[in-house]
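Asker: Just so you know, the protein sequences line up as chains A and B, in that order. So in the numbering used here, the last one in the first sequence is 210, and the numbering has no gaps at all. So in the numbering used here, the last one in the second sequence is 210, and the numbering has no gaps at all.
Worth flagging that the hints you see were computed from the coordinates, not collected in a lab. Incorrect hints may have been included.
Identical copies look the same in the list; a pair holds intra-copy or inter-copy alike.
With a cut-off of at most 20 Å between alpha-carbon atoms, the simulated EDC-like pairs for lysine to aspartate or glutamate come out as follows [unchecked claim]:
1) Lys-86 / Glu-199
2) Lys-120 / Asp-140
3) Lys-103 / Asp-157
4) Lys-103 / Asp-179
Protein chains: 2
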Amino acid sequence: MALAENTPQKTIERLSAYLRALQELSLEGKIFASSTDIGRKSGISAELVRKDMSAFGCPGRRGLGYNADRLADAIREILGVDRRWKVALVGFGMLGQSLIRYKGFADSGFDITAVFEIDKVLVGNDFEGIPIHAAEDMPDVCERDTILLAIVAVPADRAFEAFQQCLDAGIRGILNFTDQTGFTPPPHAKILNVNIAAEMEALSYFLVHN
Amino acid sequence: MALAENTPQKTIERLSAYLRALQELSLEGKIFASSTDIGRKSGISAELVRKDMSAFGCPGRRGLGYNADRLADAIREILGVDRRWKVALVGFGMLGQSLIRYKGFADSGFDITAVFEIDKVLVGNDFEGIPIHAAEDMPDVCERDTILLAIVAVPADRAFEAFQQCLDAGIRGILNFTDQTGFTPPPHAKILNVNIAAEMEALSYFLVHN
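Okay, chain A solo, but in the shape it has when bound (with noise of 0.2 Å):
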């Protein structure tokens, strides 16, 4: 099962939907998964379920389907989800701090397990158990626990400076979630904006036409 590097970022998310579908239908003790199975569970349809696990060297047997966890397994590892990753969240308002409880992140395999603010207040703290680091250690704490994900939640007009400090701090991934988007991060990182009000005007977009 091979993917090609500039696989783009829609493949990805299918990829991720295809999980969930998975793991839902194995719960519900499922063994074998038809693609009109992990299509209905993820709203994709069942041809082009079919297409993608035919392109990922994932055929299925016919009458059967697939193999629900092997296929899983197989996906887990096409999204570099096979192993647990450290997360550093840079910011620690309301928004942050839900997102420390958000449980989506540790089943996924993503954890949060250090916080970096710059005000000085909260820093030297705990919450749920994740230390609180002052903005300037975020190099040293990163190197020494191998954090290369970060989830950036600062005010906007602190967006740059987090975004640069992640990248000082040898941080390859930030997921953003600041308005701030213009921001261009060196080939050998990424950064994807979660944007909400976006969403919104997707959903306004609808109403009005149709």
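Use these hints to put chain B onto chain A, whose structure you have.
Answerer: Just chain B now, with coordinates in the frame of chain A:
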């Protein structure tokens, strides 16, 4: 300026990105913006910017580019954000509270005006000036206040119940922050899933393949 009814999600996302880019350029004092300006701000190639604008019936003027404010207004109209929308928030947990405080919604024209909760201890209170209603009052409140959009931020095991409550209350667009993605809305309604764990998987994919 017109768009086909079945405009793909990706095009709508680019429209949102163009709108943000144009707003920033306007704040920077630019009256005319080139496709290169817009592309740089939004992380989209100048070529695709030109192609999109032309498809939307908005060709730029050679040597001048696009009138930033006028193009922003045109995009707002397409996206349906040339007006303000009232939004219901279902679920008053940590995530719900931070979403109320998230400035990006209001900046884009979306006002959370009502919160719905099943916890009777919370019902009747206000948070940041927004009333917390009982979940069963949703149909009345949404009809009275003409609320067509909702954000669902309840625990995963309550998600389906919350989706159904929204639909019963006349909601037509749902932004889903739960892990439950298998709910199929009727054709007159749309659910968009904000899956932040899947975004993390896209980052881990990048790390293991680059």
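Asker: All hints, please: hold or fail.
Answerer: Now the hints, each set against the structure:
no. : hint              : result
1   : Lys-86 / Glu-199  : between (28 Å within a copy, 15 Å between copies)
2   : Lys-120 / Asp-140 : within (18 Å within a copy, 47 Å between copies)
3   : Lys-103 / Asp-157 : between (28 Å within a copy, 13 Å between copies)
4   : Lys-103 / Asp-179 : between (24 Å within a copy, 9 Å between copies)
Going through the hint list in order, the structure satisfies each hint without exception.
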